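Based on the provided sequences and hints, a complete structural model is requested.
Protein chains: 2
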Amino acid sequence: MSENLQCTDTLHSRGFRVTPQRMVILRILQEADTHLNPTEVYQRAQHAMPGLTEATVYRTLAFLTDQGMVLAAHIGSGQLVYEIAGHAHHHLICRACGYTLEIEHELLAELYRLFKVSTGYQIDSLHTTFFGLCPECQAPELNNVA
Amino acid sequence: MSENLQCTDTLHSRGFRVTPQRMVILRILQEADTHLNPTEVYQRAQHAMPGLTEATVYRTLAFLTDQGMVLAAHIGSGQLVYEIAGHAHHHLICRACGYTLEIEHELLAELYRLFKVSTGYQIDSLHTTFFGLCPECQAPELNNVA
DNA sequence: TTCGCTATTGTAACTAGTTGCAATAAAGAG
DNA sequence: CTCTTTATTGCAACTAGTTACAATAGCGAA
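Listed in order, the protein sequences are those of chains A and B.
Positions in the first sequence are counted from 1; adding 28 to them yields our numbering.
Positions in the second sequence are counted from 1; adding 28 to them yields our numbering.
Keep in mind that the hints were calculated from the coordinates and are not lab data.
Some hints could be false.
To be verified - Sample of chain B residues with no beta-carbon within 12 Å of chain A, all distances over it, derived: (1) Met51; (2) Asp61; (3) Thr81; (4) Ala113.
Said to hold, decoys possible - Heads up, incomplete: computed chain B residues facing chain A, CB under 7 Å, no partners named: (5) His118; (6) His119; (7) Leu120; (8) Gly126; (9) Thr128; (10) Leu129; (11) Pro163.
Remember, predicted model here, so these are calculated numbers, not experimental data.
C-beta: ideal position from N, C-alpha, C; glycine also.
See below:
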């Protein structure tokens with residue numbers, strides 16, 4: 029609830045409007061414990077607000093991402109998913125079983141400093157995705173000899 | 029040319045067919061000095077092979093990516109681009125001007141080792157994209173005081 | 001070389017995502 | 001409370017990307 033109030037203030041102070049559509053979509057992302065793709069957001073929003081269109085969902089997600097209230101990430105080939113902007117974190121996704129692990133941003137902070145020093149680029153990706161194999165899915169390929 | 033022969037052998041040895049469509053698309057990616065999106069690949073392919081369809085371009089790019097001959101990367105919101113698989117590298121993209129810098133994989137190797145130790149995940153992303161601000165685009169926001 | 005198997009392509013219909021524009025409604029002024 | 005401004009929405013048409021299925025064509029076998 030307090031998060032919603034905070035978002036309301038932020039929007040007001042930046043000259044944007046607080047609309048029920050935006051509040052519904054923010055609420056959905058806050059209550060989700062994981063990332064959602066636009067269609068999932070749309071489906072959940074239908075319950076709270078049957079008239080809401082998919083175009084508005086796409087536009088609102090992009091808008092909230094621009095405002096830094098929501099983080100967008102790519103998972104798999106082309107799928108964009110969204111998540112409420114909380115603690116900065118990144119994803120390790122197993123490309124075999126799809127299991128997703130969150131890692132703290134602090135693990136990448138040193139890398140970002142290295143980028144800054146060696147290239148001048150100030151990186152601010154807060155939601156980077158890395159693909160690989162989780163421990164379970166490495167096993168069949170490596171340990172089946174014995 | 030020798031790269032094409034190598035790809036031919038690889039496809040044969042894995043039981044896949046060597047088709048003119050695949051060769052054309054591989055050639056285009058080899059001759060491009062940068063990454064291309066599917067539409068750009070399609071347009072260039074039209075010259076060499078007018079009958080080629082866009083569906084085949086999408087399918088072939090996904091296929092070549094699966095085979096490890098081509099690398100796919102996300103740039104911007106939802107755009108997937110492709111690049112011939114050569115040296116492993118990653119991208120730093122300026123979200124203000126869009127300028128893209130390549131960085132060697134070696135810079136991320138230590139991070140991957142850290143992932144492996146702390147989570148067990150064996151990361152193999154060879155084409156990760158980081159967003160931020162390039163040195164020129166940082167200037168107006170930071171240095172305009174004096 | 002010819003044949004047969006089947007991976008691959010092209011077609012066309014489909015789903016996903018975007019955008020222009022008129023209608024609506026948030027929010028400040030009176 | 002009412003009016004005015006204009007950001008935002010819904011609609012509908014659009015572009016981008018995917019997929020089912022029949023036709024085509026690699027390529028190994030004879």
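Now the hints, each set against the structure:
1. Every C-beta of chain A lies more than 12 Å from that of Met51/B, the closest at about 23 Å, which supports listing it as non-interface.
2. Taking the minimum C-beta to C-beta distance to chain A, about 19 Å, the non-interface status of Asp61/B holds against the 12 Å cut.
3. At the 12 Å boundary, the C-beta of Thr81/B stays outside the reach of chain A, the nearest C-beta of that chain being 19 Å off.
4. With a closest Cβ-Cβ approach of about 15 Å to chain A, Ala113/B is found to remain outside the 12 Å limit, as its non-interface label requires.
5. Because the closest C-beta pair between His118/B and chain A is about 10 Å apart, greater than 7 Å, the hint is violated.
6. Because the closest C-beta pair between His119/B and chain A is about 10 Å apart, greater than 7 Å, the hint is violated.
7. The criterion of a C-beta within 7 Å of any C-beta in chain A is met by Leu120/B, whose closest approach is roughly 5 Å, and the hint holds.
8. Hint status for Gly126/B relative to chain A: violated, with the closest Cβ pair at about 13 Å, above 7 Å.
9. The restraint placing Thr128/B at the interface with chain A is violated, with a minimum CB-CB distance near 10 Å, outside the 7 Å limit.
10. With a cut of 7 Å, the hint placing Leu129/B at the interface with chain A holds, because the nearest CB-to-CB distance is about 6 Å.
11. Nearest Cβ of chain A to the Cβ of Pro163/B: about 4 Å, under the 7 Å cut. The hint holds.
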